[in-house]
Every structure is written in C-alpha cells, then in structure tokens.
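S.K.: One-letter residues, chain by chain:
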Amino acid sequence: MKMLLCDKCDSFRKLVSRRRFSTRALQQLNRLSILSLTSSRIVCHNILFQNRLLSFYREKESPSMLAGVARAGPSLLRQNVTEASPAIRQQRHVSRLTPFWKKKLDPKDIKRDAQGNIILKKKETSLGAFRPLNVAQLTHALFQSEERKALNLPTFAPTQQMIGKATEFPVINNDPSRIFGLPKKMLLEFRILSKPCSVVRTVTVSAAQMLDKARSKPSLDTRVVLTGRSGCGKSFLLLQLVQNCILNGWIVVYIPRAKKLVDSSTPYEYDLRTQTYLQPAFSLQTLQRLLAANQAKLTMLATQKKHSFEKREVPFGTNLVDLIGIAVKEPPLAPVILETLMTELSTQTKHPVLFAVDDFQALYCRTAYRDPHFVPIRPFHLSLPRMIMEYASGKKSFAKGAFVGAITTSDTQYKLPSELKDALDLPHEHFKTPYDKRSRTLMGYTTGLKALHVPEQLSLVEAASLYEVWKDDKALISSLHDEAFLSKYTESSGNARDFVWKGLLATFDS
Amino acid sequence: MNVLRNPARQVLRRSYTTARRPFVPPAQLNNVQRRTGGARRRRKRDEEEEDDVQWQGDFEKSSPPSPTFYTGRSEYYDQVILLQNAIVQARKSLKMLHLLPLPEFARNSLPTPFPIWKDLEEMSADFQSLMTRSRYRRVIKLLNELNGYFNIAKAANASEVKITIGSIIALFESGKKAASLAQRQKKTVSLDQYGRSYSVGKRKTSSARVWMIPVHAQPTSMKTQKGPSDYEGITTSTILVNNIPLVEYFPIPADRERIMRPFKVAGVVGAYNVFAIVRGGGTTGQSGALSHGIAKGLVIHEPKLTTVLRKAQLTRRDPRMVERKKTGLAKARKRYAWVKR
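Residue numbers (my numbering), protein chains in the order written: chain A, 6 to 515; chain B, 3 to 343.
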C-alpha cells in the first residue's frame, strides 16, 4: 500500500534534511508515514498532530493497527516507502544532480536514456583500489635488471615437510580469496606483497588433519573456533583451511568479514513469516559467491524436496545452480533461497561442506541495527547471523562437513563477549561475578563450540621464512639481515602481525 | 749654683715650655732598654733625670718570629713561602740529578698521582687562620706542583729528595685519605648464584630494575621443532617487562627499537633473556630506563663491552629532565604573547 505525501510534507522533509534536524524528527516522520500505511491515509505535515495520533494508537494497541507491525516493526531504511508526486520527484532528482553550492542543471541540459531515466555523469568519488603492478608489466628499459625477480614459492600444502616454509596459494578459477574476499588487514598485506602467500605452521598441519577426519562426519562433531592473541595468525589459518578444503573437493562457504553482517552496513528488512530481519543484499552476494566458488560441485547436486516461495515454485530435483539462478533473477528471494540452499547442502552427502566465518565474535555482540523503536536488534533476530549461529551451535548440521570460526581480538567495537569466553574457556578481563549479565539465548548459541588455540609465537624457522618473503620482495631497508631479523623477532616476541607490520615494514634501521 | 753651671744650656731651654720633656705615657716606658756604661752619659743622665720619671722595666728586644710577622695573615704566607722554597729546592736537586726536564715518554710513563689534600676546613683548623677559597686554591696549586716533583723523585728512587719533599707533603695530606680512596674504588658487581646480573636504569622519572641471564642453546636431543639445520644453535631472547611480553607492553615500534639498541650495538641480539620491573614516567621514559639498565647489565656480564656501549652513550644516564616552569612565562620556555601596549 502506498501513501502519498502532500507537497508541504515533502518540502518539510527537504527542509529537515537540509537544516540537518535531529534524525529523531526524521525517524518520527518516517514512522508515522509507515504506521499510516495500513490505514492508507495522507500524512499531514503537522507533526504534532501525528504525534498525538501515534500515542493514541499505542495506548489502544489495536490489533488492526499493530498486527502487521509487531514490536520489532518494519524497516526504516526501506527505499521508496513514501512516494512523492512525480513533479516533486523530478525536482528532487534534478537538484541532486548538482550540489546546492553549484549552479543548478538546466532541465534542457538533462539527457535521458531510452527508458526516460536521466543519465547521470559519473563522478569520480575515490581514487580506486590500489593493485600492485606485476613485474612482467614493467617493460621499459629502465626496469630491465637482473635483480627484478618474481617471488618463487612452493605451492601450499599442509604437510609435515612444508612446516616452516612460505608457500603461495595456487592460481585456480575458483580462488576463494578472490571470490569470497578477505579480511581487511589480510587484503592490504596481499596488495603490498607481489603474491598472496602464507607460512605453513604446525598448527596448519594439525588443523588440516582435523578437517580431514571431519570429512566423513557431520558438522555437529566438528565445530571449532580459532582463538589466540591479537596478530597470532587466526585469519591466515582460516584462509589456509579454506584453500585446502576447496582443493580437496569440499563445498566451501566462507564469510571473511562477519562484522559486515552486524554493523548495519547492508540493507535489512523485516520478514513477517519468519519474524526475523532479512539481509537481501548480503544473502544474494553470498549466493553468488557460493556459486562462483563451488560451481562444479553444485551442478552435481539437486534439491531433495519441493520448495515453494511466494510466487515461485521449485520442483523436486532442481539443480542447485538453477536454484541460485532464481535468486539472481529475483533478488528479493535471495534470503529464502540461501536458507533453502543451506538446508539442501546439509542433507546431501556427496561433498563435505565447510562453513568458515571470520570475525566470529561479532555475531555474538550487540548489532548496530535498530528497530523502529530505536531498540538495538539482537543478532539472532537477523536471518544470516542466526543461520551462522545455528550451524555453529549444532542446532543445524551438515550431514558431512565442519564449521570453523575465527575470532578477531583487535576489534574494539565488537569485543569478545562473555558468553563466548565462557564457552571457549578463555580468560576473562575482570573477575567473574554471578551478577555479570549473560544472554541465555546467546549462551544457547554457543553450546558445543571447541576452541583451537593458535600459538602466540611464530617459531624461529617460520619467522625466518616470512622474513625471506619480504626480503625477496625488496621490502626491507636493512642489508644486515641476521641482525635485523633477530632484533625484529625479539621486539615482536614472535607475534606474526607485529613482526611484519611494526617490525619489518615500520623500521628505518639500516 | 747648679743652675749656672751650664749657661749655654740654660739659654737653650725655652722658658715658656711647661714641660721640660714631652709627655711619655707610662705604659711606653715598660721594657725600654736602658743604655748602660759611660760616666759622661751617667752625668747627663743624672742631669736630665732630675724629674721623677722612671725609666724602668726590663725587656728583651727580639726579632719577630717570622718575616711575615708584619703581614695580615702570617701563617698563610708562611705556608706559601715554605712551599715555594721547597719547590725551588726540589727543582734544583732534581735538575742536579738530571731528572728535570723529563722527556715526553718518561713523563707519560709516570704513574698518575691521586693526592688527597686537606680540605679548606681542615687547613683552617690546622694552621689556625681563616682560609679563603682563593688562598686555598693557591696553596693547592703549589702542593700539586710539589707533588709532581715528589712523584718523579719516587719513580727515580732519589731517596733524599723524596724524603724531604715527602715530609713537607705529609703536613698537608688529609686524614681522610684512606676513606676517600676506598670510595673512589668502584664496587665490583658480580653475577648471582644463577648467573643473573642485576642493574638499575633510569631515564626522566622512570626507573627500571633489570635482571639478565644468558640464554643457553638447547641441546639437539631436546629439540622438538623440526627445521633446517641452519637454525641450530641460534638462541632467541625473551624480554618480560612487569611480567608482560615486550610486544604487549610497548606497542610503539620506536620504544621497542630503543630497548633493542644495546643488544645491537654490543652484537649480542638473542643472547640474553631479560626480566625487568619498570616504574614511573611514561612510555618513552620507561623504554629509555630499560635500555639504560640493559646496557649496564651487559657490562656486568661482559666487561669488554664497556667501551663500545660508552661510545654509543648507552651506559650514560640521560640527564635530561623536564624543565621547570618559570614565573612570567607560560611554560619552561614559552613566553606570553607580546603586547605592544
């Protein structure tokens, strides 16, 4: 049901946005306009009158008014909730083409495409992503030198012989770091390096062996969380496991930045059926990535049940690739289809499924999303975090596979919550008292999680291999390699991140 | 009749003077030497001494105890003259013995004397004269020169000269000599029963108590990590500050590098484990204090490193402290804005 705003209301909104009145006022206006959806009235610009109406309806709690709008309420951020008249929309659009301090575009100068939409000039808002230039692209005679060499590293393989060696990830079509993305710090590091590489550690080999054993078991038996000090290599280990599994025929679902699920950076909307908040954009992105990374394996699988969505019917035996195709064609169905896909994957036994989530602790913190009453939304009321937590806690399980999460200790906004600390048996900052608040629901979502502790210190051999990678990439100033290496190793006390970032790359010692 | 015996004299006498001779206060007549012998003088005396002036008193005319009697500070000048004479005598005797002038090599080979003279208070007490600083300095200068000659004589075994000068010098040597020498001798610091060194480092208002112990390479049988043999025998040092690893306690790379500097300069990176308790100040002060403590600890373990660390100024306690705020200024140096009127 749509609702029309009178001209005065629209101008009032413009005034409010320009003068930057409190968002509260704007939210109230939004809320009021949403509430009036059911009664399809025209909202008046008189906000005081609307306030009184709102309080009246709240008191009454009439089911007709509030049935569709449960306590959680519909999304504030939904686009096109209120539609202005076409004339106002045109005006608004034109005024948005140029900022107010610049000359306004003449309506005659506006160019339109075939469908009548205005063609906007592309503004360069950012410099663009930095990508390192390949050595081979430097063809100028000035760069021709014997010293320019590409990094030659062995291919990644978590075996005993490779412990302590720096390895590069194989270049494959469905490279998970390219398709799924990477945590931010890791991404920056790979941009500086000429090739994405990592060092094989003892813990890599042991974790890979653990996943090998979990291949034939349900994910209920293997729900692991990588823990350790800040900068000890949890995200790297997770990436190594993901790479290893993809090469060994697993279906991999990798979420490198789970923080993005809870920091209100993706759109969200309330779903009446499930009474949770859906994240359609993120769900679609996840589906697309899943498809790209596991296409060959997914073509071999088909649905085991008949599914019916709002306007769509998916018969029994549909290829999973086609299932994802439906979501691509109809983005609003993405969350439901993701849910369905995960259910299908959890029942199939052909390929083991690895569900890998980085920034795992962010899913257990208070989210940055707000409901219409400005109450923070709990993570288990968001569909995707809820799904992840269900697989993590064993409420849902893959027939064959594992769940691996990695926590981020360096994020101050999403700190490790006490429920997870209890479940993973990690030390608390302050003395534990019975009065510390813990959410029972969240505690229910932490049952059965096992902590895999990543060693705080790199061994001397591992650190030396890492040093050699940076040395061969011509990133170091010093030529006294023995002294530089040992001094940086001592300064960082073996911490991997500090060894590279605050040691090798942040020093002027020559 | 008597009056006319000598008419000339009578004429010469002035009849208007009230006193025949000038008034002499009685005190001055004490210890006046009487002239003895001569009848003529006796007669004159008799004549002249008709008045009842008593020229009595026996005294002894003697010369002053020293030529400096008439100076204001006789004892001081006595000392100075004594020393100057001694210097002259010493120089003469040494020249006669061909010990002066000494060639360069011989002068360099002489042992450095460390005389401990009496201080101002002691000298003032001994010579019972108030010694001022400038006079004291002059005396010391002379003493040092004399001591130089004594040194030469001692080295050359010229016994007579040595004894003479020695006796003079002994007058001026302080009784606290032994105590002073003991103080000068540096207390030898050693390692404790476990081979640990303990040193204290300071910087600004921070202090660091540092215990250092050498790292022993693990024997091959104990090695758990498999790795290339290149890394055999390479030890790594662990640094704990207030029981916290260095990486956690000092997040700034500059502080960490400051702490590693003594090891790098000495070339012993990875050779010692360090445990430190650091108090006071901020990050820079604490890291500086720890660096100072580590340098001192390295010197205890390896005294040969003294020169290297001293040249790098790592064993020096950085004297820079926060400058005080002064009146009329906003901060230590910052002045208030100048206003024309």
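No lab work stands behind these hints, which were simulated from the structure alone.
The beta-carbon is built from N, C-alpha and C at its ideal position, and this holds for glycine as well.
Keep in mind that the hints are not guaranteed to be accurate.
Stated by the list, open to error - 20 Å max Cα-Cα, derived SDA-like pairs, lysine to any residue: (1) A:Lys401 with A:His486; (2) B:Lys327 with B:Thr207; (3) B:Lys266 with A:Ser351; (4) B:Lys266 with A:Lys218; (5) B:Lys266 with A:Gln309; (6) A:Lys218 with A:Gln309.
Stated by the list, open to error - Non-contacting residues of chain A with respect to chain B, defined by C-beta distances greater than 10 Å in every case (computed): (7) Glu395; (8) Ala469; (9) Lys507.
Claimed, not checked - Some chain B residues flagged as far from chain A (calculated, every beta-carbon gap over 12 Å): (10) Asn146; (11) Asn153; (12) Ile165; (13) Ala180; (14) Ile236; (15) Ile246; (16) Leu248; (17) Val249; (18) Tyr251; (19) Arg258; (20) Arg263; (21) Lys266; (22) Gly269; (23) Val271; (24) Val276.
S.K.: Which hints, by number, does the structure contradict?
M.R.: 1, 3, 4, 5, 6, 8, 9, 14, 15, 16, 17, 18, 19, 20, 21, 22, 23, 24
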